[in-house]
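Asker: What follows is the residue order along each chain.
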Amino acid sequence: MNRRLAFVLTVVMLLSCFAVSVPAMAEGTTIRVALWDYSNTEYYKTMINGFKEANPGIDVEIIEFSAAEYSDTIVVKMAAEEDYDVIFMKGLPEMAALINGGRLMSLNELAEGYDFAPYGGTEKSLEVNGELYGLPFRKDNNLIFYNKDLFDAAGVEYPTDGMTFDEYIDLAKEMTSGEGADKVYGTHVHTWASNVYMYPRFVEEYVYNDASTWDALIPYYEAILELQEEGCIQNYGSLKSGNIHYSGVFYKQEAAMMQIGTWYINMLLENVPNEDEGIASFNWGVCSVPNNYGITTENVVGGITPVAIGAYAKHPDEAWAFLTYITGAEGAQVLARTGIVPAWAGQEVLDIFDSFHDEHPNAPEGLSKYISGSNFIVEQPMDENGKAIVAVGDEMHSAIMTGSMSIEEAIAEYKEKAIAAGASQGE
Amino acid sequence: MTTELTGRKRPGAKLHLKRTLVAYTFILPNFIGYMVLTFVPIVLSFVYSLSEWNLGVSKSFVGITNFRYMLFEDLDFWQVVWNTFYYTIGTVPICLILSLLLAILMNQRMKGKVFFRSVFFFPYVASLVAVAVVWMALFNPDKGPVNEALRSIGVKDPPGWAGTAEWAMPTVIGLTIWKQTGYYMVVYLAALQGVPTELYEAARMDGANAFQRFLHVTWPMVTPTTFFVSMMLIIGTFKSYDIMYVTTQGGPGTATKVLAYHIYNNAFVYMKFGYASALSVFLFFVVLLITLIQFRGEKRFTNYL
Chain A
2 MNRRLAFVLT VVMLLSCFAV SVPAMAEGTT IRVALWDYSN TEYYKTMING FKEANPGIDV
62 EIIEFSAAEY SDTIVVKMAA EEDYDVIFMK GLPEMAALIN GGRLMSLNEL AEGYDFAPYG
122 GTEKSLEVNG ELYGLPFRKD NNLIFYNKDL FDAAGVEYPT DGMTFDEYID LAKEMTSGEG
182 ADKVYGTHVH TWASNVYMYP RFVEEYVYND ASTWDALIPY YEAILELQEE GCIQNYGSLK
242 SGNIHYSGVF YKQEAAMMQI GTWYINMLLE NVPNEDEGIA SFNWGVCSVP NNYGITTENV
302 VGGITPVAIG AYAKHPDEAW AFLTYITGAE GAQVLARTGI VPAWAGQEVL DIFDSFHDEH
362 PNAPEGLSKY ISGSNFIVEQ PMDENGKAIV AVGDEMHSAI MTGSMSIEEA IAEYKEKAIA
422 AGASQGE
Chain B
56 MTTELTGRKR PGAKLHLKRT LVAYTFILPN FIGYMVLTFV PIVLSFVYSL SEWNLGVSKS
116 FVGITNFRYM LFEDLDFWQV VWNTFYYTIG TVPICLILSL LLAILMNQRM KGKVFFRSVF
176 FFPYVASLVA VAVVWMALFN PDKGPVNEAL RSIGVKDPPG WAGTAEWAMP TVIGLTIWKQ
236 TGYYMVVYLA ALQGVPTELY EAARMDGANA FQRFLHVTWP MVTPTTFFVS MMLIIGTFKS
296 YDIMYVTTQG GPGTATKVLA YHIYNNAFVY MKFGYASALS VFLFFVVLLI TLIQFRGEKR
356 FTNYL
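Order-wise, the sequence lines are chains A and B.
Take 2 as the starting number for the first sequence in my numbering and just add one per residue.
Take 56 as the starting number for the second sequence in my numbering and just add one per residue.
One should not assume that every hint holds.
[Claimed, not checked] Here are the computed lysine-lysine pairs in the DSSO-like style, where the Cα-Cα straight-line distance is at most 30 angstroms: (1) B:K211 to A:K184; (2) A:K253 to A:K78; (3) A:K174 to B:K234; (4) A:K78 to B:K294; (5) B:K234 to B:K168; (6) A:K46 to A:K416; (7) A:K91 to A:K315; (8) A:K416 to B:K234; (9) A:K53 to A:K91; (10) A:K253 to B:K168; (11) B:K114 to A:K78; (12) A:K370 to A:K174; (13) A:K149 to B:K168; (14) A:K184 to B:K294; (15) A:K125 to A:K78; (16) A:K91 to A:K184; (17) A:K315 to B:K294; (18) A:K174 to B:K114; (19) A:K125 to A:K46; (20) B:K234 to B:K114; (21) B:K198 to A:K91.
Since the hints were made in silico from the structure, they are not lab data.
Values in this document were obtained by computation on a predicted structure and should not be read as measured data.
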């Protein structure tokens, strides 16, 4: 009795080990799309529904991963030769890792005759050795966001395009006021390394994968540490250990300014005002990143969110149709309406950004000029060692911002680590 | 055993064979899982440690290059090893002593014993992420209640806890102790309840006071448990990285970057699976060595009875 039961159990368990799930038979083709945050992002659903309507024989299967681990997960998944047709990526460092591992399909053949003009050259940063590996889906550039109401109340003039970095620091000091719960910080420096390195990157004096440019960070770290010591920005250690998201700091009007990417336009449109969350309405504006060369909106620094076709894709042609739909005119307009900047930058998209003020009177007019700079500087150009070098830079950032090391000491030491991780040492 | 299996002439051999097979079939499902998911990967990681592999299509054999790089060129390696020992040495003794003290306390006749036991056990069963968030909020340098309290009793410049290089590790150690002590308290409680009451009675007759009773009865009687607890704690702290992952991400700088975290980074962030495997092999031997030393020690020190 016992033996028979044990035998049956064993057989059942063995069978279940080798059981293969039989895929449901469907008519037409189904493409598998890997992405993050699908369930809580409305525009993905709008776009995919639009795509299905435009392409009746193609169905879309979503494979969703958590946002925080996506970059690491997707690389590991592709190493296991998953047959994802379409792969969304957060940025170029993980794309480089995938290309380097041979996990993405070259699009050169599929893209023959395709019109790249509306991408404004951003697709060039997705090429390696003349092979194109993706289409640019979103592009984000960094701006200074400011709270007009706080400036009005303090009787201080708004920040302007082309102000110098020193003017920006002085403005942050001037706008700091109050104590305790009423404290308003002059500006907000989030915990990312990019909240500092964006300034020298904007004038192309710094790039993460060339260690010889890292010294350019020194004056910016000095100024920002000074703001931190004088209490004009929230303390890095406190933000980090409290895991404080930058969005709430600005929504709650705790800071007069903040340097962050254009995706924040979408967040502000959706969340200010928001009665349920207790967020009152306020007027906000944007200006270009401060610098000492008088550059205004012609330069834009930011990241590209690429979308690619997997090396083990079963339906590359359908995947290409999907790519061109979501990164083309149709997809771009869906994105733009939410306040997210698509890489496809036709007039339709610019018009949408200029119209936000009509629907949301607290948003500024003429937003389009801040997203259409002619000189798009890629924040982190593709590098096969990109992920490792970025990690070194992040570590250095935390060492400096917590005062664990002096700025010069940290930069000298971490330059060595960056070179060991594969960064170049200049020409 | 083999002779019994093959010696057909012996009476009862057939029955024995059947029984053994039945026993094996019970073990089999778990054994297959262990082989496929644990043992094979361990063996593979030894193989990978001699190769260079970025999770890409090609792998190349590089001999001991990874180990040479680890010992002589990796700018973080020795710092990370030091951090691991710091973390272990900071955590294990305090956790051990605290859990024993709590167990002795919980073993007394007192009101609300069950309530307190649950309270101390709670951090262990609670989710690490939740416990970590609470701990980090308590020790927030600006707004945390701990620093508020310190300021109110006149400490002008309280520590920046996880926000500074020198206090980050103690903060993480504190969290680990808070989370783990409850579990080992229960282990010690079981051991204490196994100490025969006659021994205490005899000691009392001989005029031993409470401390002497602890020193000469309780402590010797629970040494096997102490060895077990210290071994579990040491192995646990050596391979832990989850606590750092959810609190400090190894920072500030490299202040809380431990060996297991370094392995994770090299594998899943830097894509250096060969090198990460080499680091794992190093960790494997360190833990093996410590375990062997402890087994030796256990034989020498726990043979009272």
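Asker: Run every hint past the structure and note whether it holds.
Answerer: Do the hints match the structure? See the list:
1. B:K211 to A:K184: Given pair B:K211, A:K184 holds - Cα atoms ~21 angstroms apart, limit 30 angstroms.
2. A:K253 to A:K78: violated, 39 angstroms
3. A:K174 to B:K234: violated, 42 angstroms
4. A:K78 to B:K294: Between A:K78 and B:K294 the Cα gap is close to 24 angstroms, so the pair holds against 30 angstroms.
5. B:K234 to B:K168: Between B:K234 and B:K168 the Cα gap is close to 20 angstroms, so the pair holds against 30 angstroms.
6. A:K46 to A:K416: Violated - the C-alpha atoms of A:K416 and A:K46 are around 43 angstroms apart, more than 30 angstroms.
7. A:K91 to A:K315: holds, 23 angstroms
8. A:K416 to B:K234: Measuring from Cα to Cα gives roughly 37 angstroms; hence the hint is violated.
9. A:K53 to A:K91: holds, 24 angstroms
10. A:K253 to B:K168: This hinted pair is violated, its Cα atoms lying about 46 angstroms apart.
11. B:K114 to A:K78: Holds, at roughly 17 angstroms.
12. A:K370 to A:K174: holds, 28 angstroms
13. A:K149 to B:K168: violated, 59 angstroms
14. A:K184 to B:K294: This hinted pair is violated, its Cα atoms lying about 43 angstroms apart.
15. A:K125 to A:K78: It holds: about 26 angstroms lies between the C-alpha atoms, which stays within 30 angstroms.
16. A:K91 to A:K184: Status violated; Cα separation ~35 angstroms.
17. A:K315 to B:K294: With a Cα-Cα distance of about 40 angstroms, the restraint between A:K315 and B:K294 is violated, given a limit of 30 angstroms.
18. A:K174 to B:K114: Violated, at roughly 54 angstroms.
19. A:K125 to A:K46: This hinted pair holds, its Cα atoms lying about 28 angstroms apart.
20. B:K234 to B:K114: violated, 41 angstroms
21. B:K198 to A:K91: Distance ~33 angstroms between B:K198 and A:K91 Cα, so the pair is violated.
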